[in-house]
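Novice: Assemble the whole structure, with the sequences as input and the hints as a guide.
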Amino acid sequence: MSRLSATFASLKANHRKALIPFITAGDPTPGFTVPLLHAMVAAGADIIELGVPFSDPMADGPVIQKASERSLAHHTSLRKVLNMVAEFRQTDKATPIVLMGYLNPIEAMGYAAFVERAKAVDVDGVITVDMPPEEAGDLLPLLQAAGIDPVFLLAPTSTPERVRKVDAVGSGYVYYVSLKGVTGAGNLDLDDVEARLAGIRLNTQLPLGVGFGIKNAETAAQIAKLADAVVVGSALIELIEQHCAPVEPALEEQALSDLICRMLRDMRSAMDTI
Amino acid sequence: MIAQVKQGSESYDWPDARGHFGPYGGVFVSETLMHAIGELRDAYQHYIKDPAFLSELDLDLKHYVGRPSPIYHAARLSRVVGGAQIYLKREDLNHTGAHKVNNTVGQALLAQRMGKTRIIAETGAGQHGVATATVAARLGLECVVYMGSVDVARQAQNVYRMNLLGAKVVPVESGSKTLKDALNEAMRDWVTNIDNTFYIIGTVAGPHPYPAMVRDFQAIIGRESKQQMQELTGRLPDHLVACVGGGSNAIGLFYPFIKDAQVAMHGVEAAGDGIATGRHSAPLTAGRPGVLHGNRTYLMEDDDGEIIETHSISAGLDYPGVGPEHAWLKDIGRANYVSITDQEALHAFHTLTEKEGIIPALESSHAVAYGMKLASTLSSEQTVLINLSGRGDKDMKTVADWEGKPL
Chain A
1 MSRLSATFAS LKANHRKALI PFITAGDPTP GFTVPLLHAM VAAGADIIEL GVPFSDPMAD
61 GPVIQKASER SLAHHTSLRK VLNMVAEFRQ TDKATPIVLM GYLNPIEAMG YAAFVERAKA
121 VDVDGVITVD MPPEEAGDLL PLLQAAGIDP VFLLAPTSTP ERVRKVDAVG SGYVYYVSLK
181 GVTGAGNLDL DDVEARLAGI RLNTQLPLGV GFGIKNAETA AQIAKLADAV VVGSALIELI
241 EQHCAPVEPA LEEQALSDLI CRMLRDMRSA MDTI
Chain B
275 MIAQVKQGSE SYDWPDARGH FGPYGGVFVS ETLMHAIGEL RDAYQHYIKD PAFLSELDLD
335 LKHYVGRPSP IYHAARLSRV VGGAQIYLKR EDLNHTGAHK VNNTVGQALL AQRMGKTRII
395 AETGAGQHGV ATATVAARLG LECVVYMGSV DVARQAQNVY RMNLLGAKVV PVESGSKTLK
455 DALNEAMRDW VTNIDNTFYI IGTVAGPHPY PAMVRDFQAI IGRESKQQMQ ELTGRLPDHL
515 VACVGGGSNA IGLFYPFIKD AQVAMHGVEA AGDGIATGRH SAPLTAGRPG VLHGNRTYLM
575 EDDDGEIIET HSISAGLDYP GVGPEHAWLK DIGRANYVSI TDQEALHAFH TLTEKEGIIP
635 ALESSHAVAY GMKLASTLSS EQTVLINLSG RGDKDMKTVA DWEGKPL
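Residue numbers (the working numbering), protein chains in the order written: chain A, 1 to 274; chain B, 275 to 681.
Rather than coming from a laboratory, the hints here were simulated on the basis of the structure. It cannot be assumed that every hint is accurate.
Unchecked claim - Residues of chain A clear of chain B, computed beta-carbon distances all greater than 10 Å:
| id | residue |
| --- | --- |
| 1 | 12 |
| 2 | 107 |
| 3 | 131 |
| 4 | 157 |
| 5 | 158 |
| 6 | 160 |
| 7 | 207 |
| 8 | 225 |
| 9 | 241 |
As the list claims (entries may be wrong) - Derived SDA-like pairs: lysine to any residue, alpha-carbon spacing no greater than 25 Å straight-line:
| id | chain 1 | residue 1 | chain 2 | residue 2 |
| --- | --- | --- | --- | --- |
| 10 | A | 180 | B | 678 |
| 11 | B | 629 | A | 119 |
| 12 | A | 80 | B | 578 |
| 13 | B | 451 | A | 119 |
| 14 | A | 180 | B | 533 |
| 15 | A | 66 | B | 336 |
| 16 | A | 165 | B | 451 |
| 17 | A | 80 | B | 652 |
| 18 | A | 66 | B | 576 |
| 19 | B | 533 | B | 652 |
| 20 | A | 80 | A | 241 |
| 21 | A | 119 | B | 578 |
| 22 | B | 533 | A | 13 |
| 23 | A | 180 | B | 323 |
Even for Gly, the Cβ is constructed at its ideal location relative to N, Cα and C.
Specialist: Structural data, given as structure tokens:
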């Protein structure tokens, strides 16, 4: 069983839902990331989605775009992100890490070289935003052979046929994008999410994570009632945007990390009391 | 006319059902767009065979765009160059001044058939934005055009034209603030407003079906050329030359000739300051395959796969990718891809203006420059057909600024 599957199984046995923070690696500086990963685990994160920055993040809203730009200003490459995972693994061998990004950096590194290195540093899953199952034919077998879960997205517009397609090739969990739009947009319609998740469950047994539109402890708890995992990204990254240089006064890295972890802890406790 | 799209290309049958041209093309988009793209693909495949749609399109191309565009024998230029006979396909004479409108007329009719009430587009120099705003005005559709803020500043006149036509121009502040970022932003709009919005992409790039659909709307250029060159010279041209940014005017000219093996095809990329300087927009010449904007194709990227900034005097060629069909035509050796520097393009701009009284767009000047170079190596019995994809009125300020002459 993959580390992701084991994590979901153990959470389920304890009647808990997974809290999955997303941050962009190297934002606002490369040195900030690994200590933050450890701090987020201490604050209650069960799984971490680690964003690989890309110059053209087509599916992301302004908050994550700017995170990518801050990170790329320090030349954070896919190889460097994999090194960060290696560093994280020196002291944390339990928390699943899922890389999330766009296909081109993986194409540039080469599928085989990427998968080999990802396996070596113990990456658990890969979400490639602009690689739907139809285009995954070359990368999938490499990931599967390496025991890395390919995690796919589903959207409000996904048909039952598409859900079955994702179920057939994906593993670990499914990332349900709860809004039409880009990351960081709009407000959640909980009734709609509930109905859509019920529809999706007819066609897949994979754990369902919900992202897009989770802004605070209250929405995290509401989503935790409906889904197996709550993914929070833009709300955390907004904190970085508001408090890192060149914003004045910029917080010290430790204080910024504390702020992010406070939000996660609030979400964690709200999710655990549902 | 569109019904003859496949004529002359029976054995060349790309893309495949999933939108691939060999390893290129495809549908590399987020799940949030997959449904809309499927809808578009189905509608396109239906209407491209629908006689009522095609006859409406033909009427629009004739009466609104002003087709067929003539082919002109540039006899004086040919004598000056001293070699092959140079012919110009006069897309510059179309309504709005470039080939772009062939595609926007087609996609706007499709949008109407699909019941979409809102049109969005990306634009670099503003030509595609203007062509889109034009057809949206005519059909009474809401129109939003995304344009990098750098381009908004350097193409103020086109921004004003779009505003006059009733379009809203949104300056894009992300990334390099140019065409590629405008495309990212248009995609973000589309994913957010998918129910009522049709995205008119201006070139043969993007996820399937765009590369095939835009090609099929632009292939009128090549179909007319085939017939016109027969009438003018009694045979097909020996060489076709067209500039390549995304590559829509080039594919439009090339496509109907692909199966005519005796016709050589040359796509001309922008070498900017020179390929060796790295400051250029020539992914086929100096890039490598990768995935961007929904398709796999040649890209300008760094070793880590981040897209790098491009340069060309011509905003319409200033793009880090290229249509996937060009990538495939390059790999299978059916078309030859070359590059022309800013300086060479400017020289051709002046030469054509002075010798023939035709002011070409800076984009098209790249094709003219290579066409002249090529013609000078050939005999006077041979023919070179250059696609004069647009007129140069929009470039007066750029050229004057470049040459330090106040307007």
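Novice: Tell me, in ascending order, the numbers of any earlier hints that this structure violates.
Specialist: Violated hints: 2, 3, 4, 5, 10, 11, 13, 14, 15, 16, 17, 22, 23; rest satisfied.
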